[in-house]
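Please model the complete structure; the sequences and the hints are all you need to start from.
Here is what each chain is made of, one letter per residue.
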Amino acid sequence: MLQEVKVPPAPARTVQTPAEAWTLQSQRFQAKNPKPDNAYSGRSIQIKDGELSSAWMYLQRILRDNNVRAEATAQQRHEKEGPKRRRLRSERWRRRFAEEVRKKVRLVEAIRRRGA
Amino acid sequence: MGAAVLERIGNTAKNRDPTNDHRLCVFSSRNNTILTFTRPSGTVISWTSGGRAGFKKVQRSSYEAGYACALKIFEEVKRVRNEEKIEGLHVLFKGFGQGREAVFRALLTSDGALVKELVTRLTDTTPIKIGGTRAKKARRL
Chain A
1 MLQEVKVPPA PARTVQTPAE AWTLQSQRFQ AKNPKPDNAY SGRSIQIKDG ELSSAWMYLQ
61 RILRDNNVRA EATAQQRHEK EGPKRRRLRS ERWRRRFAEE VRKKVRLVEA IRRRGA
Chain B
1 MGAAVLERIG NTAKNRDPTN DHRLCVFSSR NNTILTFTRP SGTVISWTSG GRAGFKKVQR
61 SSYEAGYACA LKIFEEVKRV RNEEKIEGLH VLFKGFGQGR EAVFRALLTS DGALVKELVT
121 RLTDTTPIKI GGTRAKKARR L
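Top to bottom, those sequences are chains A and B.
Per the UniProt record's numbering, residue 1 is the first one in the first sequence, and the count goes up by one each step.
Per the UniProt record's numbering, residue 1 is the first one in the second sequence, and the count goes up by one each step.
The set of hints was computed from the structure by calculation and includes no laboratory data.
No incorrect hints appear here.
Below, simulated EDC-like cross-link-like pairs (lysine to aspartate or glutamate); rule was C-alpha separation at most 16 Å, straight line: (1) B/K78 x B/D111; (2) B/K129 x A/E71; (3) A/K84 x A/E71; (4) A/K48 x B/D17; (5) B/K85 x B/E117; (6) B/K129 x A/E79; (7) B/K72 x B/D111; (8) B/K116 x A/D49; (9) B/K136 x A/E79; (10) B/K85 x B/D17; (11) B/K94 x A/E71; (12) B/K78 x B/E117; (13) B/K116 x B/E87; (14) B/K137 x A/E81; (15) B/K116 x B/E76; (16) A/K48 x B/E117; (17) B/K116 x A/E51; (18) B/K137 x A/E79; (19) A/K48 x B/E87; (20) B/K116 x B/E75; (21) B/K136 x A/E81.
Okay, here's the thing in structure tokens:
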């Protein structure tokens with residue numbers, strides 16, 4: 001027979017309503033993450049120790065990850081609904097096709113690794 | 001950085017108040033590149049463009065024009081640096097023309113060495129619409 005171990009009771013938690021809990025979370029988050037100054041704050045980089053090149057590369061990365069260049073170019077001219085639908089259909093198909101090819105290639109690689 | 005943040009972390013040399021930075025605005029479009037050098041308040045000190053650099057029409061948007069503009073504006077920056085105190089230089093890029101890369105490369109050359117030391121911040125301010133107004137219709141070439 002197992003010896004019964006005395007477990008101390010769990011400490012009483014302060015009962016919070018969901019609203020209170022969310023408010024507290026929100027306050028904590030805002031304290032740690034101050035509001036951005038303007039719409040371009042996310043694409044703004046402070047330069048440390050005269051490291052201009054690395055700052056530039058970091059900026060390029062931010063712009064690439066957020067498709068800034070592509071969006072800016074696309075927004076220059078209005079795309080009507082017909083051409084837009086055609087472009088989206090074509091993009092979606094190419095995305096699906098590429099994924100299928102990727103799966104097949106991965107399968108082949110896996111088989112080769114197994115040594116078949 | 002907001003004032004609230006500075007209060008918290010202190011205004012040391014590492015966390016200078018960026019509201020006293022001079023600004024170098026690089027606007028690079030498909031047709032031209034224009035550079036504007038301003039005071040922290042926003043008052044323009046001087047500006048230059050592809051046309052001012054001696055190029056005409058389509059050449060104004062080229063890489064060379066952008067480079068020439070950069071050199072011209074660097075002279076202005078150096079002049080102001082000798083006359084007044086420049087706490088920091090904030091470089092803002094708008095648009096993705098050839099002049100954008102040209103100006104940055106110019107900063108890395110020997111001509112831009114003095115200006116490069118002053119630079120404290122790089123920002124991209126290319127306007128991005130969220131919805132927004134309808135653009136011109138597509139050109140059918």
